[in-house]
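Student: What follows is each chain in one-letter form.
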Amino acid sequence: MNIVVCVKQVPDPETPPSSFKIDSVANRVMPAAGVPPVISPFDEHAVEAALRIKDAKGAKVTVISMGKDLVMDVVKKPLSMGADELILLQDEAFEGGDSFTTAYALSMAIKKTGQYDLILCGRQAADWDVGQVGLGIAELLGIPSVAPVKKVEALDGRVKVERVVPDGYEVIEVPMPAVVTISNELGEPRYATMKGIMAAARKKPTVWTSQDIGAEASKIGKAGSRIKLLKLFIPVREVKCVMAEGESIEEAAADLALKMRAAKII
Amino acid sequence: MAEYKGVLICGEVADGKLAAISQELLYAGRQLANALGVELSAALVGSGVNGLSREMVALGADKVYVVDDPLLKDYQGDSYVPVLEKLCQKVMPEIVLVGQTSMGRDLAPRLAFRLGTVAAMDCVLLGIDPQSKLLIQTRPVYGGSALATFVTESARPQMATVRVKAMSQAERDDSRKGEVIPFAAGLQASDLRAKVVNKVKEEVAGVKLEDAKVIVSGGRGVGGSESFSYLNDLAKVLGAAVGASRPPCDSGWVPSSVQVGLTGKIVTPDLYIAVAISGSSQHLAGCSGSKCIVAINKDPEANIFKVAQFGLVGDYRKVLPAFAQKCKELMSG
Ligand SMILES: Cc1cc2nc3c(=O)[nH]c(=O)nc-3n(C[C@H](O)[C@@H](O)[C@@H](O)COP(=O)(O)OP(=O)(O)OC[C@H]3O[C@@H](n4cnc5c(N)ncnc54)[C@H](O)[C@@H]3O)c2cc1C
Ligand SMILES: Cc1cc2nc3c(=O)[nH]c(=O)nc-3n(C[C@H](O)[C@H](O)[C@H](O)COP(=O)(O)OP(=O)(O)OC[C@H]3O[C@@H](n4cnc5c(N)ncnc54)[C@H](O)[C@@H]3O)c2cc1C
Chain A
46 MNIVVCVKQV PDPETPPSSF KIDSVANRVM PAAGVPPVIS PFDEHAVEAA LRIKDAKGAK
106 VTVISMGKDL VMDVVKKPLS MGADELILLQ DEAFEGGDSF TTAYALSMAI KKTGQYDLIL
166 CGRQAADWDV GQVGLGIAEL LGIPSVAPVK KVEALDGRVK VERVVPDGYE VIEVPMPAVV
226 TISNELGEPR YATMKGIMAA ARKKPTVWTS QDIGAEASKI GKAGSRIKLL KLFIPVREVK
286 CVMAEGESIE EAAADLALKM RAAKII
Chain B
542 MAEYKGVLIC GEVADGKLAA ISQELLYAGR QLANALGVEL SAALVGSGVN GLSREMVALG
602 ADKVYVVDDP LLKDYQGDSY VPVLEKLCQK VMPEIVLVGQ TSMGRDLAPR LAFRLGTVAA
662 MDCVLLGIDP QSKLLIQTRP VYGGSALATF VTESARPQMA TVRVKAMSQA ERDDSRKGEV
722 IPFAAGLQAS DLRAKVVNKV KEEVAGVKLE DAKVIVSGGR GVGGSESFSY LNDLAKVLGA
782 AVGASRPPCD SGWVPSSVQV GLTGKIVTPD LYIAVAISGS SQHLAGCSGS KCIVAINKDP
842 EANIFKVAQF GLVGDYRKVL PAFAQKCKEL MSG
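One line per chain: the protein sequences are A and B, in this order.
With my numbering, letter number 153 in the first sequence gets 198, and the count goes up by one each step, no holes.
With my numbering, letter number 86 in the second sequence gets 627, and the count goes up by one each step, no holes.
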């Protein structure tokens, strides 16, 4: 069985909100100094989902990442967790795109890998939070998709998944090939082992350009983008917090209740 | 692109009634249609939903396309996507609005790709540019740390999903006139590639989080499943529902259905008490619409104090019992 996992490198989403800065002239996010990028957390869950299938049934797990300024230690993490192969899509022509161009490029790369049974993505990337690329890949390849999912099990020719819905989950069976997007309810991704890290260090990623995957120039990057960003800004929140006070913590707690009462909140 | 005209919203039905998001979409859609001077159409998709079409007219739709079919009883991408694809090809709207709900998160991207466009997901603000007449879409990015405004320039329809509770609800006016148009689903059971074999409900007892007026929410700092009893005790006094940030859900201290935030529930209670929650942007995405946020945290520098109206620095284990006691006293007095 061949599993492809799409993994995006993003600025660390757990950076404290106070250190989040924007260059409002260039409409760009300024990476917080000294904070290295990470694999988008849900994509790490997707890698974990793939490895669980590999453990249970045996599978070849191929990871594809598209992006610029990729940090090798970061994008190699899936390899050190146990993935078999890493393909990087790197080409200036990919830059400035949208969900459509991203899904198109990834779908072309997936086709080029040859045989694929299951494609796993994160439910949404932790930078733009769009949640569109996985489902878009399925549409472009003309295969079924399920999102967002907390459990994946490979059966004969199909996968059985648990789709997260607001009041619980649905158990769904879908024929392969299929796209499944993964949510954090899957459970913690495994740590890289020492052995894994050493194996990953020896593996060289395959790098493909837009030509390698046979992408049409009009469908990738800025040329293919359907959207135009007008403005990126930090919303102003002006709230003044009234702090409760007291000699002891119990007194402060009572003071809090009194203050809320005075403001007619309770 | 001149052949695309009008605004279409995709209604949602829950328990045989129009879901709240439908009214929010009708409100947003009406504003846009008025600004453009075009018609507002609504898609009413489901099984046994015909009776709701008049209500959609009363809520502002000029035309309601009713797609009533047993195969559309519950949302499934494989049935809803082709139906809406066909409807969009017939109506040719310049704008399509969908809710950022469990259904919309799946439907909008798939529909967009089939129509050769993309969706602006999770918009909190929509408007029409007076010159270009393009849909101006504003949505949070980076978990809500920033907002981005953009337009869909080179594809139609311009598609957006709308965050729940971000828009007002349309006002009902039963004297409004509109047209109700049946539209055939044309589906076969074999169209459903993904098959739902079981549904598991994980509902929590008591007040539903989305409907609660008061919510007591706990974070990673609560420390464990048993310690949530401190929050439950306070919730009893206040008649509140209990929510959580993501870590308590991930750790299994509380069911994941009570997660508040970007990828959990969006809540807008009158009072939201955040206990041992640091105030990450992704968490605030789910609760910043609350009328009043109260923060209890042992770290005076915690980000949650930047969005709270009232705060207390201290160990919640000491704070909550005394606070609950005083509230009880005040509320009975
Ligand atoms: C401020 C801003 C806002 C934007 N908002 C939108 C918008 O609302 N709609 C829109 O269509 N475009 C938007 N874009 C364009 C943007 O570049 C993306 O659409 C595009 O990168 C996909 O969105 P995402 O990164 O959030 O991915 P998502 O759709 O959230 O990604 C889902 C999954 O797809 C996979 N994936 C995504 N990107 C890659 C990659 N590069 N390599 C490998 N796997 C990947 C991962 O598994 C990921 O978890 C915006 C851009 C900016 C700068
Ligand atoms: C794409 C994406 C989506 C996400 N979606 C969500 C989401 O929907 N909802 C969500 O909540 N998170 C979400 N997250 C996770 C989010 O980034 C944060 O990791 C999470 O919200 C942190 O939860 P927390 O505040 O409970 O924990 P922490 O940040 O660890 O904060 C714990 C707090 O407890 C305080 N504390 C500890 N002990 C005590 C005590 N005894 N008394 C008082 N205070 C104490 C500490 O001072 C600290 O401030 C998402 C992340 C990503 C990347």
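Hints were generated in silico from the structure; no laboratory data involved.
Treat the hints loosely; a few may be bogus.
16 Å max Cα-Cα, derived EDC-like pairs, lysine to aspartate or glutamate [to be verified]:
hint	chain 1	residue 1	chain 2	residue 2
1	A	Lys-196	B	Asp-791
2	A	Lys-195	B	Glu-694
3	B	Lys-859	A	Asp-300
4	A	Lys-276	B	Glu-694
Student: Give a verdict on every hint.
Tutor: To see whether the hints hold, each was checked on the structure:
| no. | hint | verdict |
| --- | --- | --- |
| 1 | A:Lys-196 / B:Asp-791 | holds (14 Å) |
| 2 | A:Lys-195 / B:Glu-694 | violated (36 Å) |
| 3 | B:Lys-859 / A:Asp-300 | holds (14 Å) |
| 4 | A:Lys-276 / B:Glu-694 | holds (15 Å) |
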